[in-house]
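2 protein chains.
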Amino acid sequence: MTEFYDRLEENFRNSFEPPAPSEDTMDPWGETRIVGKGIPRVDAYERVSGKALFTYDVILPEMVYGAILRCPHAHAMVKRIDTSAAEKMPGVVAVITGSTPGADISWYGAQSKLFDPHCRHQGEEVAAVAAQTPYQAWDAAKAIKVEYEELPFVVDEDSALKPGAPEIHPGGNAAGKPRPQTRGDVEKGFVEADIVLEETFRTPVQMHTTIETHGSVVKWDGEKITVWDSSQGVYDAGLMSFARTMNMPYNNVRFLCPYVGGAFGSKLELGKYTIIAALLSRKASRPVKLMLTREETMLCVGNRPNAKMTVKAGVKKDGTLTALQLTCVFTPGAYSSMAFVGFLFQELYKCPNVMVLESGIYTNAGRSRAFRAPGFPTAAWSLEQMMDMLAEKLNMDPVEFRLKNFTEISPSRRVPYSSAGLKDCIIEGAKKFGWSEAKATKTESGHIKRGVGMAAGLWMMGSGGPPYTAEVRMFADGGVTVKTGAMDLGTGTKTTAAMVAAEELGIPVENIRMINADTAITPYASSSGGSMTLASLAPAVRRGAWLVKRQIFGWAAEILGVTADDLEIRDKSIVSRSNPSKKKTLEEIFRTKGVLDVIAIGNREANPAGKAVMPFSAQFAEVEVNTKTGEVKVVRLVGANDSGRVVNLKSYENQVYGGMTQGLGYALTEKRVMDPQTGKMCNTNLHDYKVPTALDVPVRPEVVPVDLKDNECNNVGCKGLGEPGHVPTAAAIANAIYNAIGVRPTDGPVDNRMILELLSRKRRG
Amino acid sequence: MTEFYDRLEENFRNSFEPPAPSEDTMDPWGETRIVGKGIPRVDAYERVSGKALFTYDVILPEMVYGAILRCPHAHAMVKRIDTSAAEKMPGVVAVITGSTPGADISWYGAQSKLFDPHCRHQGEEVAAVAAQTPYQAWDAAKAIKVEYEELPFVVDEDSALKPGAPEIHPGGNAAGKPRPQTRGDVEKGFVEADIVLEETFRTPVQMHTTIETHGSVVKWDGEKITVWDSSQGVYDAGLMSFARTMNMPYNNVRFLCPYVGGAFGSKLELGKYTIIAALLSRKASRPVKLMLTREETMLCVGNRPNAKMTVKAGVKKDGTLTALQLTCVFTPGAYSSMAFVGFLFQELYKCPNVMVLESGIYTNAGRSRAFRAPGFPTAAWSLEQMMDMLAEKLNMDPVEFRLKNFTEISPSRRVPYSSAGLKDCIIEGAKKFGWSEAKATKTESGHIKRGVGMAAGLWMMGSGGPPYTAEVRMFADGGVTVKTGAMDLGTGTKTTAAMVAAEELGIPVENIRMINADTAITPYASSSGGSMTLASLAPAVRRGAWLVKRQIFGWAAEILGVTADDLEIRDKSIVSRSNPSKKKTLEEIFRTKGVLDVIAIGNREANPAGKAVMPFSAQFAEVEVNTKTGEVKVVRLVGANDSGRVVNLKSYENQVYGGMTQGLGYALTEKRVMDPQTGKMCNTNLHDYKVPTALDVPVRPEVVPVDLKDNECNNVGCKGLGEPGHVPTAAAIANAIYNAIGVRPTDGPVDNRMILELLSRKRRG
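Quick note, the sequences are listed as chains S and V, same order.
Under the numbering used here, the first residue of the first sequence carries the number 8, and numbering increases by one thereafter.
Under the numbering used here, the first residue of the second sequence carries the number 8, and numbering increases by one thereafter.
Read the hints as simulated data drawn from the structure, not as lab findings.
Just to be clear, a hint being listed does not mean it is correct.
Cross-link-like lysine-lysine pairs, in silico, DSS-like; alpha carbons within 27 angstroms at most [said to hold, decoys possible]:
id, chain 1, residue 1, chain 2, residue 2
1, S, Lys600, V, Lys618
2, V, Lys579, V, Lys589
3, S, Lys195, S, Lys290
4, S, Lys590, S, Lys438
5, V, Lys600, S, Lys618
6, S, Lys58, V, Lys231
7, V, Lys324, V, Lys86
8, V, Lys319, V, Lys169
9, S, Lys579, V, Lys231
10, V, Lys290, S, Lys231
11, V, Lys600, V, Lys439
12, S, Lys58, V, Lys169
13, S, Lys290, V, Lys319
14, S, Lys438, S, Lys319
15, V, Lys769, V, Lys400
16, S, Lys231, V, Lys579
17, V, Lys430, V, Lys446
18, V, Lys640, V, Lys319
19, S, Lys697, S, Lys439
20, S, Lys640, S, Lys697
21, V, Lys716, V, Lys618
22, V, Lys446, V, Lys290
23, S, Lys618, S, Lys635
24, S, Lys315, S, Lys579
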């Protein structure tokens, strides 16, 4: 993850360098023919018919199945491993441990190993087996005899910091040194304020719960390897990480992942399972499939870390923020990771004085990873509740208060936004929701309490950026293939890319064939994460399509005796706009040049110099709280997003629906439960770990796209959407709950018990 | 074939247009590090270990096997087909005939159909079957009941022209109208001559006899299809021909052929078997493998047509040719095809007056196709024997006589050759052979008669040309992948391409990974034929590598503060030549730019304007003729070739060895034998059809590369070799036989019986 975010940080920095001069610039699109419409997925048939090849679906001749033996203890030292019985089990073709040649591999930086004898949480990898069937492999893994020395453990941050607490890493349980980040002088800001409030908020550990679990299928071919991997990036997370870990040339590694069954940040890193599969395969001389079970993913492939946030805020009577201060303690689990909670405090409002301090604390639990807008929904939970608290004290409407502190200049970057849509999101969202009316018509009768709330958000990485490439190839019969290393995590990337190519070329989407996420075939794209995919890919695709068109129009202009500007593609022909009788079929033009196809590689251009590119979001929630049962029903959700130009309205809506659904889970039901008696996770399955279902979300969430016609951010004018649409949801629901019951749910998730507790606390005064 | 040669003709025409202006020109190579050496194949391990995936090796899940029912008669009309018994045979999954939907497809232009009820020769396709095993498929094909009306037939051209001969096509058996091609005035030339000779020569029908027979494996995926095809061109002969025949978008068709087991021109066309496999597969909803048997290939996939050539030539006493006249009758079999016999007469010598007239005559036999330098070994057989006859009359040495008529200006194109190596080939070849000494030491004692002979040749299409592309991709760790649609027919294309890339980039060949001949992955290259592959591909690869280098050197120059000209790649680093302390690793430079790789597509540039580009050849043979048995033993062969720069000396030698071996077969043993009683081919297998084996060729043929440092033909300086090395062999052997026994073998092949006949004719006077 560190490496991925290093890259993102670099993209940021690059965005303040002047772009490379280019004599051939593309005009922004005006009215569009295809882009902006809502169309079904280009791979809809494959997806619904079962033809789509997910990693889980890969079956190879002679393939065997891998299974991992995992430490059952919260904290233990492996003293001895005896694999002899396992090796004799039926169907077993390979058994590996940390002492297998080639298995001594560092992991999590230098904090651990592939098979580390020091197991720092339940589920750490101890040994692995390959066998003819998954059942044989699981049985054989169980037959490995391990002698553990059990160690004392901690599963919460308070215990972890107590003197004499078991040390998870030498030198104590502080995960790195906290670096305070400041702007202005918060103490001065608090002095200048008319009102200062302070409150502490808590958020839970949330699990990624991808529908397709994690895993790989590997096949060696001499010194070369092919890996089907359920991944967010066949290049960064795949080929590059694998080659470096195994000390292999990039040229000898091929990663494929044409379909992924969900990821949410948990597939941005190379998995231990991939390396284990490769080692098993090398030992067995057979292809190996190793897919994790649901339970394994709950323990070992990441989560959103919990956080305890103390927020102090100062505001003048007129509603001007003077100071914001955040002290955040989070736990990354047993290994170092980041939280990114502070950024929203630094960026969302104009406030001149901001200080944030984040510190991580190790516990004996699975390590956190990037998770949909890492840090941001967590930050919004506290910041946006605090904003409502301030508005209440000021006797201002929350909408009005937020607009008061709106800025068109990025507070942390100190340059203007290429488009600053937060204001429009708040205004348009409020309009759609009927905010004023909804607030005014609040009813209080009976045990069902209705309330409305709103929250705002943004996302720091939605600009996209280079390097990102797409190859566009037009055949003489007008068919087009677009190849890109970019992933389609289920978000509809293939469809949006096809629409962009079709738009630029003036051909139907049906004529586009998409090939993606195969390092042997498709050109480089960085991992899909940070809501960077569309804003990186779409401009690269448009560029490639434009280059192809320019080449063909150049030929046609010569042949038809017109200027290239006057030409367009119509139904497999190139036609003069001013004189439509001047036309040639593509086939005729290609034949003149003796070519079958025209290929161009579109590169994502640099981001604009002196501008900050970010997407914005505002969301509005209506809840009904049953004060007898504590049940919270979210009856309406409206999400207004400035993510620039809408490419596919359907997948735009899907992203926001999905983001709001996951935000609803974060607010109300999702939470990793650790047993303090055993140090083990209690809810490692989807029965006990509760994600929202179709019955839990509003029947028809509403999406308001805000498009300020941003012609500066990139040549398509789109910004990221996957994460911003998730950032404010939980906070908006919390504010609505407060509005309903008059007591603030500072700690999430706000499940039935929590509501009843809050109500009883309120009654007690 | 027609289409392929249209394209080649077009390349010719293009070569006289000025090349597109380019501001970025590459310097010719001076001394080379790798190019010019003889190195083993980059895929040698795959080839010798059996890992190489030939079409014959492809096995897919659920795959079934196809078999074709072929007409057993020389000439017949299908009256009725009953497939009911076949359909009930064990394992049968599909049976198709001409009345199957989608099977009504024109073939050979409009001369025939996929399943034509009018069967014009033995082996024509009547129906086809797919079944679980090849044996079941063959059995089921035999179980199809066909009612034929047998028709009278002709298998030789003389009978075919007789009045009342059976008509193979309506309107008589003349295959097209003969078009005389003339230069100057031959009648005037004969008047000016001091000596005029006339002689008639005959050559046999020669079979391609590829080691891997023809066939395809096809797999439908909805409306898309993937075809593994033993082919000379995944694009022209594959994707394009298939898509047009099946009326499918190019985008939906993928052809692969990473390995081919020989072709020699017979795999330049889409095969009926490929379409039949596709139709069977669609009907059976299963992948289908359909590989032809040896016998089927002998009947149906082409041959070199026989020819009867009457040559009349005039010469002055000083050895100056004044006139050449060729009247050639050949038979393309039952369908239209070309012979190309005349070109050598028009091009090889300076002669001012030339007339050639070729006419084809249909017979009830398999159709001819392109075969290694189509027309040229046939033409050399007559022209180069005639040259020796004239030299004898003039009392001039054959070497001296040929040099007398050498020209540096292309007689037919009327522009200079980019390099005119014929003179050097003759002189250097004669030197290597010890021509003067060998002629002088001729012994005549005993029944073993020794003789020496020589012949010259050239090939009209060795220039190569656009369009031809190669993608070169360098990774940050210095590894390079080269992708090209070009075929490796066994000629070593992958190795020469890797050498060119390694040379240009300054890296070891081992760091190059080659991927070729997959239309989904590799960029366009035209079919491998006409000795065009290397001369088309090598410049495209060099261009791609140069573009990659230029990009990286540009970055490095900026970083190191030197000029790009001063840089070179050394062991994964970029180093300043003038100050080697200035260096950065590739990884460092790529990291600065935030990229994993650099990709460039190299395009083959146009051929030089106002120049003719052709390769030349001269060969020398020594034979021992046993006058008791008629056996001819070729004891020495020396081949001198001007094919420009040698890229891989090993594959250069391989090409010439192979060409001379096939020429030896053409001279002495290879001949299709048709039974005039039945109209059927007698020798449809490799027992009865005799190709030379290792025991028939000289222990160590000798190869003399002539390199005139042609910096004009293309950026690598190489010309075609596969065909020119085959053109003069048979003629040189014929001249050596004459030298040995004093009687001229005008008709080939000169087998034992022919020698004994010639000797008896000589004795009779």
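Structure-based check of all given hints:
1. Between lysine 600 of chain S and lysine 618 of chain V the CA atoms are separated by roughly 21 angstroms; this keeps the pair inside 27 angstroms, and the hint holds.
2. Annotation: proposed proximity of lysine 579 of chain V to lysine 589 of chain V holds, straight-line Cα distance about 14 angstroms (limit 27 angstroms).
3. With a C-alpha separation of about 65 angstroms, the suggested pair lysine 195 of chain S and lysine 290 of chain S falls outside the 27 angstroms cut-off, and the hint is violated.
4. This hinted pair does not check out: lysine 590 of chain S and lysine 438 of chain S have alpha carbons roughly 49 angstroms apart, beyond 27 angstroms.
5. Distance check on the hinted pair: lysine 600 of chain V and lysine 618 of chain S sit about 21 angstroms apart at the alpha-carbon level, within 27 angstroms; holds.
6. Restraint check: the Cα-Cα separation between lysine 58 of chain S and lysine 231 of chain V comes to about 13 angstroms, which is no more than 27 angstroms; the hinted pair holds.
7. A threshold of 27 angstroms between alpha carbons decides the hint, and for lysine 324 of chain V with lysine 86 of chain V the separation of about 65 angstroms lies outside it, so the pair is violated.
8. Using a Cα cut-off of 27 angstroms, the hinted pair lysine 319 of chain V and lysine 169 of chain V holds, with the two alpha carbons roughly 26 angstroms apart.
9. Using a Cα cut-off of 27 angstroms, the hinted pair lysine 579 of chain S and lysine 231 of chain V holds, with the two alpha carbons roughly 20 angstroms apart.
10. With a C-alpha separation of about 37 angstroms, the suggested pair lysine 290 of chain V and lysine 231 of chain S falls outside the 27 angstroms cut-off, and the hint is violated.
11. Restraint check for lysine 600 of chain V and lysine 439 of chain V: the C-alpha separation of about 55 angstroms exceeds 27 angstroms, so the hint is violated.
12. Distance restraint check for lysine 58 of chain S and lysine 169 of chain V: the Cα-Cα separation of roughly 62 angstroms exceeds the 27 angstroms cut-off, and the hinted pair is therefore not satisfied.
13. For the proposed pair lysine 290 of chain S and lysine 319 of chain V, the alpha carbon gap of about 73 angstroms is over 27 angstroms, so the pair is violated.
14. For the given pair, lysine 438 of chain S sits about 31 angstroms from lysine 319 of chain S by alpha-carbon distance, which is inconsistent with the 27 angstroms threshold.
15. Taken as a hint, the lysine 769 of chain V and lysine 400 of chain V pair is honoured in the structure, with Cα atoms around 18 angstroms apart against an allowance of 27 angstroms.
16. At most 27 angstroms may separate the alpha-carbon atoms for a hinted pair to count; lysine 231 of chain S and lysine 579 of chain V meet this at roughly 20 angstroms.
17. Under the criterion of a C-alpha separation no larger than 27 angstroms, the hint pairing lysine 430 of chain V with lysine 446 of chain V is consistent with the structure, at around 20 angstroms.
18. At roughly 30 angstroms between alpha-carbon atoms, lysine 640 of chain V and lysine 319 of chain V are farther apart than 27 angstroms, so this suggested pair is violated.
19. Between lysine 697 of chain S and lysine 439 of chain S the alpha-carbon distance is near 30 angstroms, which puts this suggested pair outside the 27 angstroms criterion.
20. For a cut-off of 27 angstroms, the pair hint linking lysine 640 of chain S to lysine 697 of chain S stands: about 15 angstroms separates their Cα positions.
21. A hinted pair counts as satisfied when its Cα atoms are at most 27 angstroms apart, and lysine 716 of chain V with lysine 618 of chain V qualifies at roughly 15 angstroms.
22. Between lysine 446 of chain V and lysine 290 of chain V the alpha-carbon distance is near 67 angstroms, which puts this suggested pair outside the 27 angstroms criterion.
23. A C-alpha spacing of about 52 angstroms is found between lysine 618 of chain S and lysine 635 of chain S, which places the hinted pair above 27 angstroms, so the restraint is violated.
24. About 61 angstroms separates the Cα atoms of lysine 315 of chain S and lysine 579 of chain S, which puts this hinted pair outside 27 angstroms; it is violated.
This entry does not satisfy hints 3, 4, 7, 10, 11, 12, 13, 14, 18, 19, 22, 23 and 24, going by the numbered hints stated previously.
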